[in-house]
Amino acid sequence: MAFAPRLLLPPPPPARCPPPASARHGGRTAPELSGPTPRVVVVTSGKGGVGKTTTTANLAASLARLSLPAVAVDADAGLRNLDLLLGLENRVHLTAADVLAGDCRLDQALVRHRALHDLQLLCLSKPRSKLPLAFGSKTLTWVADALRRAANPPAFILIDCPAGVDAGFVTAIAPAEEAVLVTTPDITALRDADRVAGLLECDGIKDIKIIVNRVRPDLVKGEDMMSALDVQEMLGLPLLGVVPEDAEVIRSTNRGVPLVLNDPPTPAGLALEQATWRLVERDAMTAVMVEEQERPKKKVGFFSFFGG
Amino acid sequence: MAPTSVAIYLSFRFLPPRPSPFCWQARGLRPIRASTNGERKVGALERRVGDLRTVVASVPPAVAAIRKNIGLNYVAGFCLGITVLAAIARKVIIRTHEHGNKGSVADLVRRGQLKPGQRGIAKPRVYDDPFNNPLVKIDEGTSTAQVFGKEYRMAPVRLTKEQQAMHQKRRSRAYQWKRPTIFLKEGDSLPPDVDPDTVRWVPVNHPFAAASSEVDEETAKQNVYQKDGVPSRVKAEHEALQARLQASDNVTKFSSDPRNTQCNDRQLRLSGESSGNQQNLMPGMVMNQNGQPTFESEKHRSGQNSQSKSLEQQ
Numbered sequence: 000m001a002f003a004p005r006l007l008l009p010p011p012p013p014a015r016c017p018p019p020a021s022a023r024h025g026g027r028t029a030p031e032l033s034g035p036t037p038r039v040v041v042v043t044s045g046k047g048g049v050g051k052t053t054t055t056a057n058l059a060a061s062l063a064r065l066s067l068p069a070v071a072v073d074a075d076a077g078l079r080n081l082d083l084l085l086g087l088e089n090r091v092h093l094t095a096a097d098v099l100a101g102d103c104r105l106d107q108a109l110v111r112h113r114a115l116h117d118l119q120l121l122c123l124s125k126p127r128s129k130l131p132l133a134f135g136s137k138t139l140t141w142v143a144d145a146l147r148r149a150a151n152p153p154a155f156i157l158i159d160c161p162a163g164v165d166a167g168f169v170t171a172i173a174p175a176e177e178a179v180l181v182t183t184p185d186i187t188a189l190r191d192a193d194r195v196a197g198l199l200e201c202d203g204i205k206d207i208k209i210i211v212n213r214v215r216p217d218l219v220k221g222e223d224m225m226s227a228l229d230v231q232e233m234l235g236l237p238l239l240g241v242v243p244e245d246a247e248v249i250r251s252t253n254r255g256v257p258l259v260l261n262d263p264p265t266p267a268g269l270a271l272e273q274a275t276w277r278l279v280e281r282d283a284m285t286a287v288m289v290e291e292q293e294r295p296k297k298k299v300g301f302f303s304f305f306g307g
Numbered sequence: 000m001a002p003t004s005v006a007i008y009l010s011f012r013f014l015p016p017r018p019s020p021f022c023w024q025a026r027g028l029r030p031i032r033a034s035t036n037g038e039r040k041v042g043a044l045e046r047r048v049g050d051l052r053t054v055v056a057s058v059p060p061a062v063a064a065i066r067k068n069i070g071l072n073y074v075a076g077f078c079l080g081i082t083v084l085a086a087i088a089r090k091v092i093i094r095t096h097e098h099g100n101k102g103s104v105a106d107l108v109r110r111g112q113l114k115p116g117q118r119g120i121a122k123p124r125v126y127d128d129p130f131n132n133p134l135v136k137i138d139e140g141t142s143t144a145q146v147f148g149k150e151y152r153m154a155p156v157r158l159t160k161e162q163q164a165m166h167q168k169r170r171s172r173a174y175q176w177k178r179p180t181i182f183l184k185e186g187d188s189l190p191p192d193v194d195p196d197t198v199r200w201v202p203v204n205h206p207f208a209a210a211s212s213e214v215d216e217e218t219a220k221q222n223v224y225q226k227d228g229v230p231s232r233v234k235a236e237h238e239a240l241q242a243r244l245q246a247s248d249n250v251t252k253f254s255s256d257p258r259n260t261q262c263n264d265r266q267l268r269l270s271g272e273s274s275g276n277q278q279n280l281m282p283g284m285v286m287n288q289n290g291q292p293t294f295e296s297e298k299h300r301s302g303q304n305s306q307s308k309s310l311e312q313q
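Top to bottom, those sequences are chains A and B. The numbering of the first sequence is numbering that gives the first Met the number 0, which starts it at 0 and goes up by one. The numbering of the second sequence is numbering that gives the first Met the number 0, which starts it at 0 and goes up by one.
These aren't lab readings, by the way, just hints derived from the structure by calculation. Mixed in with the good hints, there may be bad ones.
[To be verified] For lysine to aspartate or glutamate, the following EDC-like pairs were computed, each having C-alpha atoms within a straight-line distance of at most 16 Å: (1) B:168 to A:202; (2) B:226 to A:102; (3) A:137 to B:217.
Given the structure is predicted, the values throughout are model-derived calculations rather than measurements.
Chain B on its own, in the form it takes in the complex:
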């Protein structure tokens, strides 16, 4: 450091600090003056003004301090708080509104239980011709159309019959396809007399991949064409349940009646005899429900007749 600059620096150090206009006022120091009453009042006024000036002067530093400390986080938090309050208020208003309208006939209409026309709530729509509609205006001279307030340029369709036929021919050459008539699951073997082009291989997870079915094709077709009556499976389940109930009723009746014990003994003896008889039966003969020998073909025929009658009744 140069000696002259040091001297200047030291001289500055020894000079008293220049009093700032608000320095002593900020510190609350007051100048000492000899005064009369008027001067005292003036002094008091000056003090008050000084205090006021102090407050005013302190505000900018305070604002700056607040701005410095707050940052964006507080602003964002404030906005978020306002949003949350608005959402809560909206929910409360909606809830009170719903509570007021709970259980009205309009709810039944909204759920589809009542027709709106009957209540006069919804006015029926007058159907407009979609080609002759006030929302659509066609300008014949300029080949434009105004639709929903916007203007569109119109152009005629250029496709001719010859072009259509040409495209059909192109596609027939490009896409040779025979509609598949047989669906097989992937991994199954191809039947010997089936054209591979008519087979469509179905993945295991495909909705068509149920290989076995409880009903056969003919029964399924009849189920589709059934117009009235009880559906076949429901009827079959009902009949099976009835038969089971009858069988259980018979068992309970037999077990409760003491006279039936003798019958049971007789039946046991008879069954023992009939089993012996069965060994002596001719081939093709079986015992029917009454214990009488009968031919097997007759029994099967009677069963088929009963099944066809049940289908006709359906």
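Chain A with its partners taken away, still in its complex shape:
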């Protein structure tokens, strides 16, 4: 798990304008949105199974809870599952493919979450339907542009990219301006992530940050697993978040409720919330919790046995 503790940073330069009220009071109630909206962010990885869909669902839910309207787009045409993580699998009847065909409007294909009213889901197509070959790749570009021109445009459009670097990947990254690269601390995922980062940079997406998922501090301590710093050293990209391995991820998937909505929060949920704040503020991590260490034992005196 990770942070950006302010005391490990060098002292900030003197500010020209007074800090916002929330910072002056020492606590923060919400992150400060940076950049023009809507911000189109693609969540990708290259390798499958590293946690793209889980990350997309939780980032979107966290944004909605911060009252930042978000549209989560499942760009995996063949294997749709973002709706499962959000608990909306029974409510997806119209997709972007239906919008293209003229069967419905775009606003009719957006599924609004019942608990989080600022969160909407759009699926690219149904599993058995096919997109037109000639212009199917332009679908998300048109969708993002249409959402931008809407009466109430969202603050964020999160695109859950399919695994691989084929037509689905090309379609998903087409409208994106930023990217969140999800990886696990193993060499296979890192190699694929590096390749995807290269393709994104070739395509003009320079704002790429990584989330290291499924970190095991016990294995890091035993030097059986790379640490987040090692991952960053290999990829050379700023860190957005470090998410520990957490069994609650599976339970939240079974429930169809995003992990960040758990109360009390879990370690992975807290890490994803922190990543959301950094995403909103276009910030990156400056320090990382590397490994677990044993707490120093208290000195036992003669009278400790008597409760002294």
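Position chain B against the provided structure of chain A, taking the given hints into account.
Only chain B this time, still in chain A's reference frame:
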């Protein structure tokens, strides 16, 4: 066998067996004694004690016999039976509990039909700052953090801007990529004026492999940007259905009215004349719905105007 051992063996054979202490008692044999009343009572008591001793003595052999015969199978079966009974009891309890709570408002909240806030069932979560949380404590002096009760060592991020630029340069050299803009199905021929680097070949079973589409690119784009009104395909189907209904209504009206039979005859005659006229039409001229000759370009222009008007209305 040696003769001495045979003699010993035979002598042992001829010796009466040594009476065991419980031998005659197990068999139920009782010694015969001459007795008075007191002695009879004592004898009776002795008999009862003897019986009791017999029972007690028989228990270990019985236990051993049971243990010998039962084996592990019976134990496993017993445990399994207990488990099955516990599962059945649990199901019964759950079912009675569900039956008791069936159809309450809480079910509507659980299904998402009602908001929990309105019913006061779920308390709204007070959102905590994830960086300033009671579950997270940072020790500035030792660069450690206590998170969810565990202590972690913290280390600063080492990546510099120069290192970041170096990695970007490395990747730009390693991965030369031009984003594909044209998707073609595997097996299709490459168009002559298309850069092969911009083509992505799509397998036949890929979700993007629908080669033909009922709408063209421009119409699809307009469908995406449509903000209100009826979607184009739904509208087109509705109009087609309306036209079909009108046509069927007209046919039924004509067939039911007797005066229309004369009109039909006249129309047939006229159509016969017009077919003759069509042979005399100038090239580029066609007959319109009223049977009047008109130029083909005028007819096409009027059709285009009606289509553009329908798109504007959308």
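Can the restraint linking residue 168 (chain B) and residue 202 (chain A) be considered satisfied, given a maximum Cα separation of 16 Å?
holds (14 Å)
Please work out if residue 226 (chain B) and residue 102 (chain A) have their alpha carbons no farther apart than 16 Å.
Since the Cα atoms of residue 226 (chain B) and residue 102 (chain A) sit roughly 13 Å apart, the hinted pair holds (cutoff 16 Å).
Does residue 137 (chain A) pair with residue 217 (chain B) here, judged by a C-alpha cut-off of 16 Å?
Answer holds: residue 137 (chain A) to residue 217 (chain B) is near 11 Å, not above 16 Å.
Checked against the numbered hints listed earlier, the structure breaks none of them; every hint is satisfied.
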